[in-house]
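If you read the sequences in order, they're chains A and B. Here the working numbering is used: position 68 in the first sequence is 74, and no number is missing along the way. Here the working numbering is used: position 112 in the second sequence is 151, and no number is missing along the way.
No lab work stands behind these hints, which were simulated from the structure alone. All C-beta atoms, glycine included, are put in the ideal place defined by N, C-alpha and C. Among the hints, erroneous ones may be present.
Unchecked claim - Straight-line alpha carbon distances no greater than 30 angstroms define the calculated DSS-like cross-link-like pairs of lysine-lysine that follow: (1) A/LYS34 x A/LYS183; (2) A/LYS282 x A/LYS210; (3) A/LYS159 x A/LYS133; (4) A/LYS183 x A/LYS8; (5) A/LYS34 x A/LYS282; (6) A/LYS159 x A/LYS269; (7) A/LYS282 x A/LYS203; (8) A/LYS92 x B/LYS49; (9) A/LYS211 x A/LYS282; (10) A/LYS8 x A/LYS238; (11) A/LYS99 x B/LYS100; (12) A/LYS232 x A/LYS210; (13) A/LYS34 x A/LYS253; (14) B/LYS100 x A/LYS72; (15) A/LYS78 x B/LYS100; (16) A/LYS271 x A/LYS282; (17) A/LYS92 x B/LYS41; (18) B/LYS49 x A/LYS110; (19) B/LYS100 x A/LYS92; (20) B/LYS41 x A/LYS78.
Said to hold, decoys possible - Partial list, derived from the structure: chain A residues whose beta carbon lies under 10 angstroms from chain B: (21) SER80; (22) CYS83; (23) ALA147; (24) SER158.
What the hints assert, rightly or not - From the derived model, a few chain B residues whose C-beta atoms are all more than 10 angstroms from chain A: (25) GLY48; (26) ILE78; (27) ALA86; (28) GLN88; (29) ALA90; (30) GLY109; (31) GLN125; (32) TYR127; (33) GLU130; (34) GLN136; (35) PHE140; (36) PRO152.
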Amino acid sequence: MKIAVASGKGGTGKTTVSLALALTAPGKVSLLDCDVEEPNGDIFLHLENIKEENVFVPVPHVDEQKCIRCGKCSEICQFNAIVFFKTPPMIFKELCHSCGGCSKVCPSSAIIEKDHKIGVVIAGNDKNIEFFQGKMDVGVAMAPPVIKKVLSKINDADFNVIDAPPGTSCSMISAVKDSDYTIIVTEPTPFGFNDMKIAVETVKKLSVDFGIIINKADTDYLETEKYCQDNKIEILMKIPNDVNIAKAYSKGTPLTEAMPEYKTKFVQLWSRINDKMGKK
Amino acid sequence: MKLAVTTTGKDMGAPFESRFGRAPGFIVYDLDNETFEAIDNSMNLNAVQGAGIQAAMNIVKSGATALITGHCGPKAFQVLSQAGIQIYNTEAQTVAQAIEFFVAGKLAPLQSPDVGGHW
Chain A
7 MKIAVASGKG
17 GTGKTTVSLA
27 LALTAPGKVS
37 LLDCDVEEPN
47 GDIFLHLENI
57 KEENVFVPVP
67 HVDEQKCIRC
77 GKCSEICQFN
87 AIVFFKTPPM
97 IFKELCHSCG
107 GCSKVCPSSA
117 IIEKDHKIGV
127 VIAGNDKNIE
137 FFQGKMDVGV
147 AMAPPVIKKV
157 LSKINDADFN
167 VIDAPPGTSC
177 SMISAVKDSD
187 YTIIVTEPTP
197 FGFNDMKIAV
207 ETVKKLSVDF
217 GIIINKADTD
227 YLETEKYCQD
237 NKIEILMKIP
247 NDVNIAKAYS
257 KGTPLTEAMP
267 EYKTKFVQLW
277 SRINDKMGKK
Chain B
40 MKLAVTTTGK
50 DMGAPFESRF
60 GRAPGFIVYD
70 LDNETFEAID
80 NSMNLNAVQG
90 AGIQAAMNIV
100 KSGATALITG
110 HCGPKAFQVL
120 SQAGIQIYNT
130 EAQTVAQAIE
140 FFVAGKLAPL
150 QSPDVGGHW
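Sequences and hints are given; from them, build the entire structure.
This is the structure:
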């Protein structure tokens, strides 16, 4: 089973919820930290057997001897990554989306694709949690290839918790689209509510079943709940705006360890999601 | 020689635009014949990425050998330098004024990008 934890707005509690899920899973579990621009799941775990694997994408290189200066590679590139004006083409590999179009249209086979490192996947384990974390290299703009590499570590027989990146762009979609269930973590503020609605629309389009966790829940801002009721969206849990939760987080202590009553709540959440999946 | 100037308009009196990659257009002025041509760059206003690179290619295609703009980032600078195009920056009000500054020798060529990408 694959559960993704997404949010829309950043800083609503994706990592808090992901860790709580991983620490209360009803069996063997993998936690996949796909927030590759700023991953932090490792801070809360005591990882052992840490291994690092490079992530590469293919980018074009020009053989200047073979190049006939036709410019076809530059014409086909939709990402402005190849510049051509009579001299051999200039390649901006950080803009390349690795589609391979340039090497396909090159009439003189002057373009060869070479591996370009864009990040790493760090693997380790904390007792029965298998942890995988994607980390983009500094200056790299494209997250999806790193996320895909992290998700390639999923073992379908186990429970998998995917800590998604914030937002609703390609990165979030890469992390969420193949999940069996997505939890959208939000906070009851106008900003949190606005981004939650966009996340809800995105997850609906991806045809992924989902529910909401309202974090920092005890404010008088009621739009979030009203929206969920009006649209028949399930609110799975409300986590109060408790300073003790923030204190534990700042020390790198997971919620379920700092406040054991949450252990029960998350165990119940697992069985609720299990039931939902069973009915399908 | 031909001189390209970034602008939001289509003639010599049009406002000078300080952005390069996402400038709506360019006036390419022919110093020898005192004629000009308006070049559209609007396709790059909403480019997801690489606006500076694409705009630089538009300058190369126009035949201009010098560019007057407000700022120039690293990728555009690389392309323009490779193509042998000199870049000058100024804070002129109009296209005509920018050209006036150039002709009067008030502008010095940029030796390196003056802003980072996505400034």
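Hints, verified against the model:
1. A/LYS34 x A/LYS183: holds, 22 angstroms
2. A/LYS282 x A/LYS210: Distance ~17 angstroms between A/LYS282 and A/LYS210 Cα, so the pair holds.
3. A/LYS159 x A/LYS133: holds, 18 angstroms
4. A/LYS183 x A/LYS8: Cα-Cα ~10 angstroms, so holds.
5. A/LYS34 x A/LYS282: holds, 20 angstroms
6. A/LYS159 x A/LYS269: holds, 26 angstroms
7. A/LYS282 x A/LYS203: holds, 22 angstroms
8. A/LYS92 x B/LYS49: holds, 29 angstroms
9. A/LYS211 x A/LYS282: holds, 19 angstroms
10. A/LYS8 x A/LYS238: holds, 23 angstroms
11. A/LYS99 x B/LYS100: holds, 23 angstroms
12. A/LYS232 x A/LYS210: holds, 19 angstroms
13. A/LYS34 x A/LYS253: holds, 29 angstroms
14. B/LYS100 x A/LYS72: This hinted pair holds, its Cα atoms lying about 24 angstroms apart.
15. A/LYS78 x B/LYS100: holds, 16 angstroms
16. A/LYS271 x A/LYS282: holds, 17 angstroms
17. A/LYS92 x B/LYS41: holds, 19 angstroms
18. B/LYS49 x A/LYS110: violated, 39 angstroms
19. B/LYS100 x A/LYS92: This hinted pair holds, its Cα atoms lying about 11 angstroms apart.
20. B/LYS41 x A/LYS78: holds, 27 angstroms
21. SER80: Constraint on A/SER80 satisfied, holds at 8 angstroms.
22. CYS83: holds, 9 angstroms
23. ALA147: holds, 7 angstroms
24. SER158: violated, 26 angstroms
25. GLY48: holds, 25 angstroms
26. ILE78: B/ILE78 is indeed farther than 10 angstroms from all Cβ atoms of chain A, at 16 angstroms.
27. ALA86: Violated, because the least Cβ-Cβ distance between B/ALA86 and chain A comes to about 7 angstroms, which does not exceed 10 angstroms.
28. GLN88: violated, 5 angstroms
29. ALA90: violated, 8 angstroms
30. GLY109: Holds: least Cβ distance 21 angstroms, greater than 10 angstroms.
31. GLN125: Given that every Cβ of chain A is farther than 10 angstroms from that of B/GLN125, nearest at about 16 angstroms, it holds.
32. TYR127: holds, 20 angstroms
33. GLU130: Fine: 28 angstroms to the nearest Cβ keeps B/GLU130 off the interface.
34. GLN136: holds, 30 angstroms
35. PHE140: The claim stands: B/PHE140 keeps its Cβ more than 10 angstroms from every Cβ of chain A (closest is about 27 angstroms).
36. PRO152: holds, 14 angstroms
In this structure, the hints that do not hold are numbers 18, 24, 27, 28, 29, in rising order.
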